[in-house]
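Enquirer: This is what each chain is made of:
2 protein chains.
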Amino acid sequence: MLKNQNTNFINAPNQVREYKSGNDSVRISSLGGFGDVTQNMFVYEFIPNGDLAKSQIIIVDCGVGFPEEDAFGVDLQIPDTHYLQDKKDRILGIFITHGHEDHIGAVRFILPILGQNIPVYAPKLAAAFIEARLGEVQIRANLQVYDETTLPITKGPFIIDPIRVTHSIPDTFHFAITTPMGIFYHGSDFKFDLFPLDGKGADYQKIARVGQTGKVIALMSDSLGADKEGWSPSESSIAQNFKQEIVSAKGRVFVTSISSNIVRWTQAIEYGKSVGRKIVIVGFSVDRAIKIAKDLGYLTLNDTDIVPVERVKNFNENKLLFLVAGFAGQPDSALSKMIMGKHKIKVKAGDKVIFSSPDYIPGTTSNIYNMIDLLSKMGAEVVYGEKEELHVSGHGYQKEHALLINLLKPKFLLPIGGNYRHLKDYQQMSKKLGYTEEQVILPDFDASATFHSNGAVDTNFHISIRKVLIDGFGVGDVGTTVLRDRKTLAEDGMFSVVLLIEKESGKLVKAPVVLSRGFVFMKENTELIDFLKLEITNKFNQATSSPANMDFIREEIQAFLEEIIYKKTGRQPMVLPLVIEV
Amino acid sequence: MLKNQNTNFINAPNQVREYKSGNDSVRISSLGGFGDVTQNMFVYEFIPNGDLAKSQIIIVDCGVGFPEEDAFGVDLQIPDTHYLQDKKDRILGIFITHGHEDHIGAVRFILPILGQNIPVYAPKLAAAFIEARLGEVQIRANLQVYDETTLPITKGPFIIDPIRVTHSIPDTFHFAITTPMGIFYHGSDFKFDLFPLDGKGADYQKIARVGQTGKVIALMSDSLGADKEGWSPSESSIAQNFKQEIVSAKGRVFVTSISSNIVRWTQAIEYGKSVGRKIVIVGFSVDRAIKIAKDLGYLTLNDTDIVPVERVKNFNENKLLFLVAGFAGQPDSALSKMIMGKHKIKVKAGDKVIFSSPDYIPGTTSNIYNMIDLLSKMGAEVVYGEKEELHVSGHGYQKEHALLINLLKPKFLLPIGGNYRHLKDYQQMSKKLGYTEEQVILPDFDASATFHSNGAVDTNFHISIRKVLIDGFGVGDVGTTVLRDRKTLAEDGMFSVVLLIEKESGKLVKAPVVLSRGFVFMKENTELIDFLKLEITNKFNQATSSPANMDFIREEIQAFLEEIIYKKTGRQPMVLPLVIEV
Chain A
1 MLKNQNTNFI NAPNQVREYK SGNDSVRISS LGGFGDVTQN MFVYEFIPNG DLAKSQIIIV
61 DCGVGFPEED AFGVDLQIPD THYLQDKKDR ILGIFITHGH EDHIGAVRFI LPILGQNIPV
121 YAPKLAAAFI EARLGEVQIR ANLQVYDETT LPITKGPFII DPIRVTHSIP DTFHFAITTP
181 MGIFYHGSDF KFDLFPLDGK GADYQKIARV GQTGKVIALM SDSLGADKEG WSPSESSIAQ
241 NFKQEIVSAK GRVFVTSISS NIVRWTQAIE YGKSVGRKIV IVGFSVDRAI KIAKDLGYLT
301 LNDTDIVPVE RVKNFNENKL LFLVAGFAGQ PDSALSKMIM GKHKIKVKAG DKVIFSSPDY
361 IPGTTSNIYN MIDLLSKMGA EVVYGEKEEL HVSGHGYQKE HALLINLLKP KFLLPIGGNY
421 RHLKDYQQMS KKLGYTEEQV ILPDFDASAT FHSNGAVDTN FHISIRKVLI DGFGVGDVGT
481 TVLRDRKTLA EDGMFSVVLL IEKESGKLVK APVVLSRGFV FMKENTELID FLKLEITNKF
541 NQATSSPANM DFIREEIQAF LEEIIYKKTG RQPMVLPLVI EV
Chain B
1 MLKNQNTNFI NAPNQVREYK SGNDSVRISS LGGFGDVTQN MFVYEFIPNG DLAKSQIIIV
61 DCGVGFPEED AFGVDLQIPD THYLQDKKDR ILGIFITHGH EDHIGAVRFI LPILGQNIPV
121 YAPKLAAAFI EARLGEVQIR ANLQVYDETT LPITKGPFII DPIRVTHSIP DTFHFAITTP
181 MGIFYHGSDF KFDLFPLDGK GADYQKIARV GQTGKVIALM SDSLGADKEG WSPSESSIAQ
241 NFKQEIVSAK GRVFVTSISS NIVRWTQAIE YGKSVGRKIV IVGFSVDRAI KIAKDLGYLT
301 LNDTDIVPVE RVKNFNENKL LFLVAGFAGQ PDSALSKMIM GKHKIKVKAG DKVIFSSPDY
361 IPGTTSNIYN MIDLLSKMGA EVVYGEKEEL HVSGHGYQKE HALLINLLKP KFLLPIGGNY
421 RHLKDYQQMS KKLGYTEEQV ILPDFDASAT FHSNGAVDTN FHISIRKVLI DGFGVGDVGT
481 TVLRDRKTLA EDGMFSVVLL IEKESGKLVK APVVLSRGFV FMKENTELID FLKLEITNKF
541 NQATSSPANM DFIREEIQAF LEEIIYKKTG RQPMVLPLVI EV
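Each protein sequence line maps, in turn, to chains A and B. Residues 1 to 582, numbered by the numbering used here, are exactly what the first sequence covers, in order. Residues 1 to 582, numbered by the numbering used here, are exactly what the second sequence covers, in order.
Just so you know, the hints here were simulated from the structure itself, not pulled from any lab data. This structure is a prediction, so every number in the text was calculated from the model and none was measured. There could be a bad hint or two in this list.
To be verified - Not the full set, but computed from the structure, chain B residues with beta-carbon under 8 Å of chain A:
1) Lys346
2) Lys387
3) Tyr420
4) Asp477
5) Ala490
6) Val498
7) Leu515
8) Phe531
9) Thr569
10) Leu578
11) Val582
All residues carry an ideal CB built from backbone N, CA and C; glycine is no exception.
If we strip away everything but chain A, and leave its shape as in the complex, we get (with noise of 0.2 Å):
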């Protein structure tokens, strides 16, 4: 394996010996943003000679973001493809860096927008995920699967070779990219495990490699950890808690956790059977994980030691271990039903409940801490992060930066997958490597970093990126005004009132009815509509003085209405007037 990894090597610093210097550029665009975790999406496009016409293109991951707390009804939010519109023949590839759903969850939606036969490449795992979501939507994929053995990709002027990182998911890559420029190093969410679990360390020495060849223009670096001193704790390093807690428990115990987190889930298991007990499995996304891993060879787990939902009544309860969806509290998901008597198994008093899973994640945290609130007046032993350690982030901190980046010496740093504040965390860590401010590039949300080949590199370019938001089938079709119409709708209900008028003569044909929800109960507040009612009709008669204009009309009751309403009330619902003629 080193000899291969050696000789695959070697294509890329050849290629950039034998450059000629020009014109060229790397453009690297974000297409979920710089500044934003999730939603990872990057295009480099090497422009041969300042001719844009001729750029060519590769896409690194293709995830989905999760939408703020104010986008109601919201889904999943996806990369904004709007750049690569017209550019879409100059494709060459998507190259997927691990397998959690904001590298890789954008693939079944976007994958037709760009065109079904650009090829995926995707390690093992991440592979067998996408096509596992893509077999739910019949969609057919050009995948291809890549290792450390694999020999680096050509795809015209860029040389792709994937490096085995480590991260919370298995299967995770860093990609040297070589241009005829010089080496862009994608380095995206990492940290460096030392004692991994599974014994799959990162490629130290391939890191160095890339390094060695002293081409390394920039590194784009996973940023999330970048505030915190130190070296990020080991996967290990929680081992013996959460052990521990299995293993001394009395009756059932039930572990959650993020569903792709396949070692946490081993570790799981492995402990369990340590004492006897049966595997269940609840909830539908750690079962397809963990039967993907299983049968990918990720994950042990023999169907003797597994017993269904539906049979968990033949064994003891402290024979029993379940690995159960859901720790981040969604109401559909497998754990809450649990809580609420919803679900066929019901937590109980006596039964252990751990979340091995992150606490905070934006916009669930209360959803968690309301669960362990409900299972303790349950009864029910609840083992969550603020109690014990049972939980490591996944992404490096200070002192892995620091390796990685002298192993590389890339000559400018652009930190991704981080909000803004952790991007100025970044680069306050790099300038204790000697990096000026100026050689960590930070470009606007919707800037592109482009590198020229006489070593300047700019922010100028802007790209268009709007929210583009899932909802039900709806694939961008919600936008900012249908979202603050909800927003509305939301605080103070809406308030509508039809007025039927005759056309001939403009009069009010029948008293107004009035429709309205989420503002007042409006069984109990008779007066109030009676009162509105009486004032809109008092307010029609004086504006038809003039002769009728039903839009004037309608913006005058309107604007009267929400005067009044909120007089009234203090509360500003939506007001909708609709004057019809009849």
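Chain A is already provided as a structure; the job is to place chain B on it using the hints.
Expert: Coordinates of chain B only, in the frame set by chain A:
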């Protein structure tokens, strides 16, 4: 003062000694519900000889709660005083422990319900906060100020003796409540800060004297920090960091914190002045809190040290320190507006913004991080909890609880002021001190703890506690129906269709009129809307073949529309057909 205190306390045990044991009981109810951190309001009811109609009542605290994230549009939540409806004339007083909103904020809503002549006893700072709020709504109250020199207050069978403790606001007290049966110690929010910055420590001797009587039946105790081992850090422990951040700043400095955190403002002012900075107060809530604290002598701030917002331009940037409201990122608060460019003062590159406030408050965490990202992006230096200790909890840890219990030696423990997980933590912690599980009373949310004169305790009595929500000017008029509607509207908006029907013929007078918001962007989805209109017309024509029953038609069309919309879009807007006869 010591003499005074000694004298004071002698009253209480005397009365205990005279007590002839009978069939009496003391019932403690939480009108905000047990297991809630906020909306503190506790009812102490002495029931002589089992005669409920003769019970006498005192109330401790009267605070607001903060609605959960899915209580759309709701501003505040207050305790449910329904239980007191027929007992108003037996309420002898309301006793306030300290001036935080979740202990005083509901006075303005509840006093008019219970009766404005009920005396409200509060420490100086809390009383001033209450008075300011009552003034806004023109409510007069019978406010009585107490402090540690006040003689114990006798009210019917109760003798209430305030005891100074420390917390994150000055002037915080516990109450030793002596009843004919024995002493109940109301130990709400506290920590034992042994090096308090204002020099006013807890009165450990007085607590010990309460315990020395041997008559303490129960300790109602803050439990929020009961999961943390050791002793909570002192306010003075962050002073060094905080000072350094202010003193070392080169440009403008902005400090944000909880408005009522007088000690933090005092520190900021002192450090700012020490390097020649003038103080600028921005935001209504901070302005009011500082004014009150200044008037009462809790804070020294000369008028010459203050610069009004309008005159900021006359000063060098490095001569200004801003105290800013809105650490939690409420959109209408000063800090949000300053960041969004909607305020006279605008944050810009080179400014330093210090968050000296908690990171995690349910429902606000994402707001806080959004602000930090925006500030980072603008080029401001942001200092916050994840970076550096700039805030300490106001709630004691396990060792502080152990000390209080050791000083009081209560027979029973009744943890309050925490979510259920914290109550459980408190129970676990007290086991280490030799308490049995039965000695730690954990009533259900709406149950009372009844202490009988024969030494028994039960939690069988339940009161009804509904959510009383404040939305706009309305108290309690937003219930579950309205909230459920708002949630549906928030998710997928509304789709309303007006059908005008001729009375005689039962036929449609004109094509259905559609009114929709928050569902799809109407202008871009005319095809879908036209399709739906057509389907509705068809459906209506089918439905009216049977004798015209308007309710039936409405329900038919609603069910039909819900189904067809879900099939076409995967969304579930609120469908509201309106059938009007003309």
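Enquirer: Compare the structure with each hint and give your call.
Expert: Going down the list of hints, with the structure as the test:
1. Lys346: 18 Å, violated
2. Lys387: 7 Å, holds
3. Tyr420: 4 Å, holds
4. Asp477: At 6 Å from the nearest chain A Cβ, B:Asp477 passes the 8 Å test, so the hint holds.
5. Ala490: 3 Å, holds
6. Val498: 6 Å, holds
7. Leu515: Holds, about 6 Å.
8. Phe531: Nearest chain A Cβ about 15 Å off; hint violated.
9. Thr569: 5 Å, holds
10. Leu578: For B:Leu578, the interface hint holds, since the closest Cβ of chain A sits about 5 Å away, which is under 8 Å.
11. Val582: Holds: closest Cβ of chain A sits about 6 Å from B:Val582, inside 8 Å.
When each numbered hint is compared with the structure, violations occur for hints 1, 8.
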